[in-house]
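With chain A fixed as given, assemble chain B onto it according to the hints.
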Amino acid sequence: MPKPPINLDTYLKYIPSHSIPLSQESGVPAEHYRRSANDAWNLLVYVERNLSEVSVYRASYERHIRRLSTMVLLGLVESFERFLKEIAAECINHIAGYVVDGRFDVFTAKGSAVAMQFAERNLGKALCEALTWCDCDETNKRIRRILADPFDAGSFYVFPLANQDPIVLRDRYELMCLIWQLRHTIAHNAAVVTGSDALKLRLLIQRAVDSPRLLWPTKGDVWYVKLFLDETAGLINREVSQRLAVLLSTVHNKDNTLFAPNAKAQELANLFRLPCTVAGQTCNPA
Amino acid sequence: MTGSTLHIRQLPHFRLHSAELAKWLDQQPEDSWWSVDGDPLLTERLDFPCPPDELAGALRKVNGDLLLLDSRDEPSAKGDMLTADQLDAVAYIDEHNDRVFQLSWEGTPETDWILIEDRETGESSLALDDAE
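Going down the list, the sequences are from chains A and B.
Here the first sequence is numbered in my numbering, starting from 1 and rising by one per residue.
Here the second sequence is numbered in my numbering, starting from 1 and rising by one per residue.
Take these hints with a grain of salt, some might be off.
[Stated by the list, open to error] If you want a taste of the chain A side facing chain B, the calculated C-beta under 7 Å gives, among others:
1) E25
2) S26
3) E31
4) R34
5) R35
6) N38
7) N42
8) D230
Keep in mind the hints are simulated off the structure, nothing from the lab.
All C-beta atoms in this analysis are idealised placements derived from N, C-alpha and C, irrespective of residue type, glycine included.
Bound conformation, chain A alone:
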């Protein structure tokens, strides 16, 4: 029997309308990340726990849980990438009106991408949203420039190497590169570890990696990734908040008519959900 005709032109175009409002915490990058990461983890736990309570085909159960683990791992990394993007966009919006150097030249947004952001009138989103942030060097370069002192190259790195600052974020660069590579394998090769993937992974973990193979992560693997990303997001949120506050204090010291430090400190405290001090004025999250 032939399949009935389905008007795919109509039904596919319905898909973008199947959405729900963003949650309240989406305006706070760290909370947005945390909520998404917890939801991703809960998906895995929910399915695993509930399926284990009913009669299932054991072989199918194991296979599906591994596939779901792969998807959840990807979801965690994507949430983290979005966190980096959101935090960078917010930093741009907070500093853009007060600097005239070439710091934003590090972004190469195309006119069409900027045009799509015109309605929102949000420079940070216009510069950051269309870019990918799953590369330590690119992310380092962009955030270093955004948070540099005026007319300076900058020295703040979100994934610093051994001789770079801030110290508390050191020793994460290589593990982050490994996680970005796992993401690449899952997102771009449907979890197939290709020959080139295997070579990169081998260099990152200093151990032989077979290929071609299908990545088959356990629930424990997903948890370890979550632990690492949760901690890294928390540290980056704190360090970026402090660096942005220092930068705004520097700008204010040069021209104290640019903005009211108390109001700016309150904005930062609400954005990072941490106490923030700008030009001697400290505010706590509202």
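Using the frame of chain A, we list chain B on its own:
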């Protein structure tokens, strides 16, 4: 514990202050880790699963009243206020021998959520600690 299309507020439930739940969590063993599924308030503040003391701290900060589904075999609660020392008697024990509470905040009774023990992760974490 089975699903229902009704909200907790429409079903037999207890009331409980978050500080009492925190006090009960303080008394739990360190391998008794916990996950929250569905509550925006807690899932934006904490990384889950987490040890009981972290969750207890967040619950104290929220400082609000909770509705707790009466999941006993013959549910009869009518909004009775519970204290920490009564929680063991009303905890639902699932097939994994983990404790489960179905809750909602009194201020947002349209959002039901689950607090679920995750001893598997707690035990794994302690084993990792011991290995180091």
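Now for the hints, and whether the structure bears them out:
Look at E25(A): its Cβ gets to within about 4 Å of chain B, closer than 7 Å, so that hint holds up. For S26(A), the shortest C-beta to C-beta distance to chain B is roughly 10 Å, which exceeds 7 Å, and the interface hint is violated. Below 7 Å, beta-carbon pairs count as interface contacts, and E31(A) has one with chain B at about 4 Å; its hint therefore holds. A distance limit of 7 Å between C-beta atoms decides the matter here; for R34(A) the minimum to chain B is near 5 Å, and the interface restraint holds.
Among the interface hints, the one on R35(A) holds; its C-beta lies about 5 Å from the nearest C-beta in chain B, closer than the 7 Å criterion. Hint on N38(A) holds. Least Cβ distance to chain B is approximately 4 Å, under the 7 Å limit. With its C-beta approaching chain B no nearer than about 4 Å, N42(A) sits inside the 7 Å limit, and its interface hint holds. With a cut of 7 Å, the hint placing D230(A) at the interface with chain B holds, because the nearest CB-to-CB distance is about 4 Å.
The structure fails hint 2 only (numbered hints given earlier).
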